[in-house]
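**Student:** Listed below, chain by chain, are the residues.
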Amino acid sequence: MSIESLYQDIILDHYKNPRGRGLLAAPLGVAFHVNPTCGDEVNMQVATAADGGLLIGYEGTGCSISQASASVLYELVRGLPVAEAEKIRMAFLELMHSQGHAEPDEEVLGDAIAFVGVAKYPARIKCALLPWMALQDAEIKGGLMTEANGDQK
Amino acid sequence: MSIESLYQDIILDHYKNPRGRGLLAAPLGVAFHVNPTCGDEVNMQVATAADGGLLIGYEGTGCSISQASASVLYELVRGLPVAEAEKIRMAFLELMHSQGHAEPDEEVLGDAIAFVGVAKYPARIKCALLPWMALQDAEIKGGLMTEANGDQK
Amino acid sequence: MAGIEVARIKADFPILGRTVRDNKPLIYLDSGATSQKPVEVLDAERAFYETSNAAAHRGAHQLAEEATGAYESARARVGEFVGAASENIVFTKNATESLNLAAYAFSNSTALARWGTRVDPRFQLKPGDSVLVTQMEHHANLIPWQEVCAKTGATLRWIPLTDDGRLEMSALEELIDSSTKVVSVVHQSNILGTINPVAEIMARAHAVGAVGVVDACQSIPHMPVDVRALGADLVAWSGHKMLGPTGIGVLYGTGEILNAMPPFLTGGSMIATVEMEGSTYAPPPQKFEAGVSMVAQAVGLAAAVDYLEALGMQQVAAHEHALTEYALLLLGHLPGVKIIGPGQAEDRGSAISFVVEGIHPHDVGQILDNMGIAVRVGHHCAWPTCRRFAVPATTRISPYIYNDLSDIDAVVEGICEAQRFFKVAS
Amino acid sequence: MAGIEVARIKADFPILGRTVRDNKPLIYLDSGATSQKPVEVLDAERAFYETSNAAAHRGAHQLAEEATGAYESARARVGEFVGAASENIVFTKNATESLNLAAYAFSNSTALARWGTRVDPRFQLKPGDSVLVTQMEHHANLIPWQEVCAKTGATLRWIPLTDDGRLEMSALEELIDSSTKVVSVVHQSNILGTINPVAEIMARAHAVGAVGVVDACQSIPHMPVDVRALGADLVAWSGHKMLGPTGIGVLYGTGEILNAMPPFLTGGSMIATVEMEGSTYAPPPQKFEAGVSMVAQAVGLAAAVDYLEALGMQQVAAHEHALTEYALLLLGHLPGVKIIGPGQAEDRGSAISFVVEGIHPHDVGQILDNMGIAVRVGHHCAWPTCRRFAVPATTRISPYIYNDLSDIDAVVEGICEAQRFFKVAS
Ligand SMILES: Cc1ncc(COP(=O)(O)O)c(C=O)c1O
Ligand SMILES: Cc1ncc(COP(=O)(O)O)c(C=O)c1O
Chain L
20 MSIESLYQDI ILDHYKNPRG RGLLAAPLGV AFHVNPTCGD EVNMQVATAA DGGLLIGYEG
80 TGCSISQASA SVLYELVRGL PVAEAEKIRM AFLELMHSQG HAEPDEEVLG DAIAFVGVAK
140 YPARIKCALL PWMALQDAEI KGGLMTEANG DQK
Chain E
20 MSIESLYQDI ILDHYKNPRG RGLLAAPLGV AFHVNPTCGD EVNMQVATAA DGGLLIGYEG
80 TGCSISQASA SVLYELVRGL PVAEAEKIRM AFLELMHSQG HAEPDEEVLG DAIAFVGVAK
140 YPARIKCALL PWMALQDAEI KGGLMTEANG DQK
Chain G
17 MAGIEVARIK ADFPILGRTV RDNKPLIYLD SGATSQKPVE VLDAERAFYE TSNAAAHRGA
77 HQLAEEATGA YESARARVGE FVGAASENIV FTKNATESLN LAAYAFSNST ALARWGTRVD
137 PRFQLKPGDS VLVTQMEHHA NLIPWQEVCA KTGATLRWIP LTDDGRLEMS ALEELIDSST
197 KVVSVVHQSN ILGTINPVAE IMARAHAVGA VGVVDACQSI PHMPVDVRAL GADLVAWSGH
257 KMLGPTGIGV LYGTGEILNA MPPFLTGGSM IATVEMEGST YAPPPQKFEA GVSMVAQAVG
317 LAAAVDYLEA LGMQQVAAHE HALTEYALLL LGHLPGVKII GPGQAEDRGS AISFVVEGIH
377 PHDVGQILDN MGIAVRVGHH CAWPTCRRFA VPATTRISPY IYNDLSDIDA VVEGICEAQR
437 FFKVAS
Chain C
17 MAGIEVARIK ADFPILGRTV RDNKPLIYLD SGATSQKPVE VLDAERAFYE TSNAAAHRGA
77 HQLAEEATGA YESARARVGE FVGAASENIV FTKNATESLN LAAYAFSNST ALARWGTRVD
137 PRFQLKPGDS VLVTQMEHHA NLIPWQEVCA KTGATLRWIP LTDDGRLEMS ALEELIDSST
197 KVVSVVHQSN ILGTINPVAE IMARAHAVGA VGVVDACQSI PHMPVDVRAL GADLVAWSGH
257 KMLGPTGIGV LYGTGEILNA MPPFLTGGSM IATVEMEGST YAPPPQKFEA GVSMVAQAVG
317 LAAAVDYLEA LGMQQVAAHE HALTEYALLL LGHLPGVKII GPGQAEDRGS AISFVVEGIH
377 PHDVGQILDN MGIAVRVGHH CAWPTCRRFA VPATTRISPY IYNDLSDIDA VVEGICEAQR
437 FFKVAS
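Top line first, the protein sequences correspond to chains L, E, G and C.
Read in order, the letters of the first sequence correspond to residues 20 to 172 in the numbering used here.
Read in order, the letters of the second sequence correspond to residues 20 to 172 in the numbering used here.
Read in order, the letters of the third sequence correspond to residues 17 to 442 in the numbering used here.
Read in order, the letters of the fourth sequence correspond to residues 17 to 442 in the numbering used here.
Okay, chain L solo, but in the shape it has when bound:
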């Protein structure tokens, strides 16, 4: 397994050029998540647009995987209805727990399929998941989701 399978170009690109980075003017829900083993941080904000689609704001510091993951998240879920975003989130979680054996669906996951290599590095899975766990938390705090249907520990 090569290091390039972990750090695919798409990941490095999102890391160097994060999409949509910045905070919302009026967030509904905010979640600040930290990875206690390495100190990676993501501040995730959600709100809904007039059409019900998700608005996403975020900031963070940390390794390439965690920060690229936040950027990819932004691209994938903003503008979607919460339920649609949740499907993508679940697909991403599944990918991360696949131990690298998954054949991710590019239709659903877009650039996030680049994270397939991360699943082979248990210590990095948490990095990739950080923004996605924060998203769920922010949605719950913003009243966009209940605890019960957002349970994937």
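Hints are computed from structural coordinates only; laboratory data are not their basis.
The C-beta atom is built at its ideal place from N, Cα and C for all residues, glycine as well.
Just to be clear, a hint being listed does not mean it is correct.
[Claimed, not checked] Quick list of in silico lysine-lysine cross-link-like pairs, BS3-like style, CA-CA up to 25 Å:
id, chain 1, residue 1, chain 2, residue 2
1, E, K35, G, K354
2, G, K439, G, K40
3, C, K439, L, K35
4, L, K35, C, K354
5, G, K439, E, K139
6, E, K145, E, K106
7, C, K142, G, K142
8, E, K35, G, K439
9, L, K139, C, K40
10, C, K439, L, K139
[Claimed, not checked] Footprint (simulated), chain E over chain C, 3 or more residues, beta carbon under 8 Å:
id, stretch
11, 80 to 94
12, 287 to 298
Given chain L, work out where chains E, G and C with the ligands should sit, using these hints.
**Tutor:** Just chains E, G and C with the ligands now, with coordinates in the frame of chain L:
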């Protein structure tokens, strides 16, 4: 090493027929010692006679070694000046820490030489020492000895 | 004794091939203190050190990944063994730490609340509150609660024992009331062998809103135990009594209770965020596992679980039950011998304490030791139980999977020898 | 590097012969987290299990005698290694437990005193009292004291750091005063590598009557340490960082302080007498060792001590010093690399943290890992220290006796590779 070397006849005799067992009317110092691993107990009392010789009273419950040791102690040290008794006590301690290699001096130790076999059973040494540690403690409490010169841990 | 082939099992335990006291073959009957370890356990520990040793949860390099994986697999395996999920299993150094962890939740919460930290009120104690244990507790499930009371002003109560070594259940009515904040009870007594109706006691505890704790040190190694079926909030036991290495213990807790408890040992790996001014903590089980963990021991314990499951815990229990029936029968008929604990094998484990008239338990043990038979003598860390039965100590046999009927015969022979040696009429 | 023959030493560590990440030879530079173990240690542990395993201090049969002997010999050996007598050595599960034991003496004494138990007033805290640590503590020597303060109303103070990663000693004047009840300081920082003037700090602590504690986790494995010369009342460290097994730690204490402290974990083997109504405790070290002890791990730790002494701790220190000088020189000249901690090898250990401009430490570690080099990344359980230096994390190398200059070269090469990979100008 035979079990008879541990339980010599002298020991069994002192166990079955303890000498001088009983409490003093007016003890100067009293020490109640317990072996926390097996629950053996000795209550040791000291006083001095008109001639300065030791008076010894004791009671206890426990195994043959601990109770025989108390009986032998009684026989050996009662009536002696404290300093003489301390010499015997030191000789007994030395015997117990000899790992069975000592050639105990019967002149000094009398029946206590029968405990030579005990020194080969680390778990039983504490049993044999119990009354002798209590003696020291009772002498200190009774003001017959100071802590400083009675240090043999 | 279908199922447990003692001769085959013995071959897995190198130590059982040795001799003691002038070439006498070893008969090990002290598994209640600690069990012996099969090569499978020793191999697993060694293999971990030789291939994957690193600090679990503290690194991202390959060895650290492997060590973390090994540690967490061990946790899952141990959980599975008792019907619990991984996140409900906390690793400690021994059952004593597990029980202290439970007890300190109360004294720590009480102290924290006094200075303004928000704590779960169930753990906050005050004068008038009471803590309930039994008169057959191991010191490890007694002294921590005595200390809790000394630190909070609460009162210790205990369930007394019948002459047959069982809990006086009729006393429960009086002992459990609205003042009761925690009930901590041994599942199987290490000195009497009694198996207690813990599910019933836990239900009574919960009826008054008390926290329920079970000391399962002597049950989980010897019979199938589903910790959830015990109905307890917390269950503690040790690895070294169930074929595992020394240096590892377990605390099972419901998710609800582990979340509600404050941390015990604090330091690395149990945190969420740390600043000089204050820290926040990780969710359980990490919250309770400060410091570099005993990874090799966890791996060894998982191997012990594998070994026991391959035998089958039903089979293990049946084997021990047969040994118990046989030993009770023989010892019960031996003149001058009195069993301390239930005389019948029902609701009873294989640890059997006895006294021999006219011979101190220590001396009985010595004669047995001299014949190569390792038993425990003393108060077995249950001194108040000895006092209850007015004995200074007992001699105890505690057989396990590597013992058979002939070992019981040897004990009987040993007792007779002791009676001869000490010239006691028998 | 006379004295330490790395090639010969490596042969004693089976794990160092393995490969990682697609057949790359392992270069282990994470000994600050945990060290690897030589066969001598693994053999000692296994031999104990295969010949003498029994519960120490809990039996009178031959195996129990042997286990007790092995355990107490190990205690004496470990004591000797640091210039202490047996009775001053308490075995714990790790340094974290040792430090918690020290901290709990304060919170426990405070709670006990409140309900009438007589305690040593030195351990009794109240609002206005203060506890002093440093800004470079490992979480294990920080959070326990935060918790003590939260449980007693006392205030936590800390010695700040200079930009070079040393203690701001001029601040001591203000920080240590009559309110100071305990001063707990790391001997050698696990993140910065700094060796602190602990003897001086302990003297200042004693001058105001405070208890002095030293965290020697990163010093005792790496240099000759005479615990008495540190002048501390209590000194804590772990076995697993000094070639010993996981699951064992040490607390050294002066006889005076250990006698004065209340027990921490309570249960079997730490008692003098026990009744349902209350208990009295054994003298130290037993008072602090409740439960069946980690005998096999103690035996393994003694074997680790033998191994280190055969090398000679002076030689070990000299070897690491040479590695440190070399690494500081190379890393110090590498463009884009910044060392977090003292840049000079004087009063400094071999743990070296650094950051690489434009690459997150986690990613640096990953590139190194991919080349077979195991280093640690993150906050190293010293998060406040990272904040002090305004870095989110660092990459840390921490060499030991089985590392040589070529391993440092490999790290330098790895950093350059990371810079190439992440397209960072270097
Ligand atoms: C300086 C320092 N203190 C304390 C600790 C805690 O040691 P342990 O995790 O073995 O309890 C460590 C290592 O983790 C350390 O480096
Ligand atoms: C019933 C019971 N509880 C608690 C303990 C304490 O276990 P450990 O000494 O392994 O902590 C034991 C064994 O010693 C026991 O038999």
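**Student:** Does each hint hold? Answer for all of them.
**Tutor:** To see whether the hints hold, each was checked on the structure:
1. The straight-line distance between the Cα atoms of K35 (chain E) and K354 (chain G) is roughly 21 Å, inside the 25 Å bound, and the hint therefore holds.
2. At roughly 24 Å between alpha-carbon atoms, K439 (chain G) and K40 (chain G) fall within 25 Å of each other, so this suggested pair holds.
3. In summary, the hint linking K439 (chain C) to K35 (chain L) is supported, as the alpha carbons are separated by about 10 Å, within the 25 Å threshold.
4. Among the hinted pairs, K35 (chain L) with K354 (chain C) is consistent with the structure: their alpha-carbon atoms are about 21 Å apart, no more than 25 Å.
5. Straight-line distance between C-alpha atoms of K439 (chain G) and K139 (chain E) comes to about 24 Å, which keeps the hinted pair within the 25 Å bound.
6. Proposed proximity of K145 (chain E) and K106 (chain E) is supported: the alpha carbons are some 19 Å apart, at most 25 Å.
7. Simply put, K142 (chain C) and K142 (chain G) have alpha-carbon atoms about 20 Å apart, close enough for the 25 Å limit, and the pair holds.
8. Simply put, K35 (chain E) and K439 (chain G) have alpha-carbon atoms about 10 Å apart, close enough for the 25 Å limit, and the pair holds.
9. Using a Cα cut-off of 25 Å, the hinted pair K139 (chain L) and K40 (chain C) holds, with the two alpha carbons roughly 17 Å apart.
10. Distance restraint check for K439 (chain C) and K139 (chain L): the Cα-Cα separation of roughly 24 Å lies within the 25 Å cut-off, and the hinted pair is therefore satisfied.
11. Remark: the stretch 80 to 94 of chain C is confirmed as covered by chain E, as 4 of its residues place a Cβ nearer than 8 Å to a Cβ of that chain, reaching the required three.
12. Residues of the stretch 287 to 298 of chain C with a Cβ under 8 Å from some Cβ of chain E number 4, which satisfies the need for three, so the listed coverage holds.
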